[in-house]
Amino acid sequence: MLRVSQRGSKDVRTNIRTYKGIGVSPGIAIGRALIMETIASVYRVPIKAEDVAREIGRFEEALVKTQEELKELKGKVSRSIGDEYASIFDAHAMILSDPSFADKVLQKIEVDKVNAEWAIFEVQEELEARFESFENEYLRDRGEDIKDVSSSLLKNLQGMAHHDLSEIDHDVVIIAEDLTPSDTVRFNRKPIVGFATESGGRTSHTSIIAKSLFMPAIIGVPRLTKIIDNEELVILDGYEGTIIVNPSPAVIKEYRSKVSRHEEYETNLLKNKNEPATTKDGRRVSLQANIELVEELDDAVRYGAEGIGLYRSEFLYISKSPMLPTEEEHFEVYRKLAEAMDPEWAVIRTFDLGGKKLAREVIGVKEDNPVLGLRALRLCMKHRDMFTTQLRALLRASAFGKIKIMFPLVSGIQELRQVKTLITEIKAQLDREGVAYNRELQIGIMIEVPAAAMIADVLATESDFFAIGTNDLIQYSLAIDRGNENVNYLYEPLHPAILRLVKFVIDSGKKAGIPVSMCGEMASDPLYAIVLLGLGLEIFSMNPSSIPVLKDVLRSVKYKECRRISEAALQKKTAQEIEEFVIESVALRFPEGLVAKNL
Amino acid sequence: MITKEIAICNKLGLHARAAAKLVHTAARFKSDVKITKGAEEVDGKSILGILLLAASNGSVITISANGDDEALALESIQHLIESKFDEVE
Numbered sequence: 001m002l003r004v005s006q007r008g009s010k011d012v013r014t015n016i017r018t019y020k021g022i023g024v025s026p027g028i029a030i031g032r033a034l035i036m037e038t039i040a041s042v043y044r045v046p047i048k049a050e051d052v053a054r055e056i057g058r059f060e061e062a063l064v065k066t067q068e069e070l071k072e073l074k075g076k077v078s079r080s081i082g083d084e085y086a087s088i089f090d091a092h093a094m095i096l097s098d099p100s101f102a103d104k105v106l107q108k109i110e111v112d113k114v115n116a117e118w119a120i121f122e123v124q125e126e127l128e129a130r131f132e133s134f135e136n137e138y139l140r141d142r143g144e145d146i147k148d149v150s151s152s153l154l155k156n157l158q159g160m161a162h163h164d165l166s167e168i169d170h171d172v173v174i175i176a177e178d179l180t181p182s183d184t185v186r187f188n189r190k191p192i193v194g195f196a197t198e199s200g201g202r203t204s205h206t207s208i209i210a211k212s213l214f215m216p217a218i219i220g221v222p223r224l225t226k227i228i229d230n231e232e233l234v235i236l237d238g239y240e241g242t243i244i245v246n247p248s249p250a251v252i253k254e255y256r257s258k259v260s261r262h263e264e265y266e267t268n269l270l271k272n273k274n275e276p277a278t279t280k281d282g283r284r285v286s287l288q289a290n291i292e293l294v295e296e297l298d299d300a301v302r303y304g305a306e307g308i309g310l311y312r313s314e315f316l317y318i319s320k321s322p323m324l325p326t327e328e329e330h331f332e333v334y335r336k337l338a339e340a341m342d343p344e345w346a347v348i349r350t351f352d353l354g355g356k357k358l359a360r361e362v363i364g365v366k367e368d369n370p371v372l373g374l375r376a377l378r379l380c381m382k383h384r385d386m387f388t389t390q391l392r393a394l395l396r397a398s399a400f401g402k403i404k405i406m407f408p409l410v411s412g413i414q415e416l417r418q419v420k421t422l423i424t425e426i427k428a429q430l431d432r433e434g435v436a437y438n439r440e441l442q443i444g445i446m447i448e449v450p451a452a453a454m455i456a457d458v459l460a461t462e463s464d465f466f467a468i469g470t471n472d473l474i475q476y477s478l479a480i481d482r483g484n485e486n487v488n489y490l491y492e493p494l495h496p497a498i499l500r501l502v503k504f505v506i507d508s509g510k511k512a513g514i515p516v517s518m519c520g521e522m523a524s525d526p527l528y529a530i531v532l533l534g535l536g537l538e539i540f541s542m543n544p545s546s547i548p549v550l551k552d553v554l555r556s557v558k559y560k561e562c563r564r565i566s567e568a569a570l571q572k573k574t575a576q577e578i579e580e581f582v583i584e585s586v587a588l589r590f591p592e593g594l595v596a597k598n599l
Numbered sequence: 001m002i003t004k005e006i007a008i009c010n011k012l013g014l015h016a017r018a019a020a021k022l023v024h025t026a027a028r029f030k031s032d033v034k035i036t037k038g039a040e041e042v043d044g045k046s047i048l049g050i051l052l053l054a055a056s057n058g059s060v061i062t063i064s065a066n067g068d069d070e071a072l073a074l075e076s077i078q079h080l081i082e083s084k085f086d087e088v089e
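Protein chains in written order, with my numbering: chain A, 1 to 599; chain B, 1 to 89.
For the record, the hints were derived by calculation from the structure and aren't laboratory data.
Treat each hint with caution, since some may be false.
[Unchecked claim] Now the stretches of chain B that chain A is said to cover, found in silico as 3 or more residues with beta-carbon under 8 Å:
| hint | segment |
| --- | --- |
| 1 | 30-38 |
| 2 | 43-54 |
[Stated by the list, open to error] Over 12 Å on every C-beta distance to chain A, these chain B residues come out as not near it, computed from the model:
| hint | residue |
| --- | --- |
| 3 | Thr3 |
| 4 | Ala19 |
| 5 | Glu82 |
| 6 | Asp86 |
No residue lacks a Cβ here, since even glycine has one placed at the ideal position from N, Cα and C.
Same shape as in the complex, but just chain A (with noise of 0.2 Å):
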């Protein structure tokens, strides 16, 4: 239940301070905080004999309403992301039209003669309390929907309409500790410019939905509700993942410059998008796009990306759960990948799950050590019916179109081949059904296991292509978590380790003749990419609106003077003087490049 807090708003703090979380939604927005309570005040108010009817009327009303808005809420989704997100709405409407949910709250009302309201959150918790007792995972997860359909009940019993807070005349950035997915498909209006939430987990789907709608948005922010009061100013950086409360009128300047350059910025970059990414001295490298939605195919192609480097799949597993894909759903998002990009091609990543990502969800126990643990292709290889769906429609969608298949976190050959022997079982499938694939499908690894980067001379005799993951290979290699503040200022993608890696896994797919790529982060950094297309790459795989700027700048420089740089680089003994070193010589020799890093 959301409702506005009303605590602190008069008692402004005036001290700047800046919070960190996780960039979810690009962007900036600079408004007043409006603190978001996830739970309602809900009294318990007894009523006499003759207002039971009224009370009942209440209720219904709310009904009605909240029926009504879930059926607006439901289209307004499947037309701005598509139906297969709109689903979930549909499995709150067939909640609201359960008798034995509504009978319940209508006896409540009648016999223990109290108002709606506690009627409504009685049952709530009722059902709650029954399905955090189920023992299994995906089937307790529904608790959290009982819990969403009371909350827009008890929203519309009280009156709180959404409107509420369009009568508000200046821009808000909502503060909250979760949001459900159908808070932020509201949240898409004025006044609000941008949301900030502690919860970093539930959030997957609410986070695609808002970088769908264009919604800057941060999420995993410790106690940001209680460090934070209604009304102070604060400039949400989607970018960067920073929320800085309270700022001083040159910081609001830097920031409102910032997007006004942004925006200048990006229109005069797209007018780079027809042309080619070759460096000055004619070095031509392809710029490709990182995405995890069919919906983004547009943005890849308004951006200019030659191509889909990486489609994350794992998001059709997020969007479908706690079912799990069909063969034809994962059939119909291949096709249209494969037809989107040609004469590109776009690499389909099998499902990276586990670790972190879902992993709660997807093997049920927890692990002491996840990151370590089943994940990605083990993970797959150990759910073999899931995997061999996936790889079935991968294979069918192959005669469609120009796709090629990838996997995750491979650490030895031995994987690889397991791997290639089950698609191998798929085909002779397909064979005596007499379904069409393409005999060609080239199938390639993601280099992300430090043990995978150091035997990438080996590994590449078996593999179509590389596709270098730099986000994992740095924090195996250098054995830190990212996400843990202690240890995080040693994640450096300027190691002389990464940077040696990184060049061995290059030089030995050129020695083999295949393609490397990388779809990294750290590729879309325009210092490192200085680096990384002196090291050899050619492959640059991005999120697409990355594409533009490291054109710009890939196009501003000389690739032999890259080289030099990087041969330079690779004699540095730390990642400080490496990067010193880079940016010094970026400065000399190609000073616009740091223009863009500025950025």
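Here the structure of chain A is known, so what remains is to put chain B in place on it, guided by the hints.
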């Protein structure tokens, strides 16, 4: 009235969408449909009731139908469960 014991064989058990399919199927018939798991009996036409059974993969439920079209109702529900609610696993 006729009854039948059936094991839930789809991987995720009677979750929201499977439960919804079951309700849709049961609601097509005039007969009363009850579902029992252990000591708990619920209305086969109520999604909440079915969800609250917490029938995960492998649990055995008893379905009973009572009415003019009870045989067909039971058969349709049995078919739905045995075909794993058309979920691909």
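The hints, checked one at a time:
no.	hint	in the structure
1	30-38	violated (count 0)
2	43-54	holds (count 8)
3	Thr3	holds (21 Å)
4	Ala19	violated (8 Å)
5	Glu82	holds (17 Å)
6	Asp86	violated (8 Å)
Taken one by one, the earlier hints fail for this structure at numbers 1, 4, 6, listed in ascending order.
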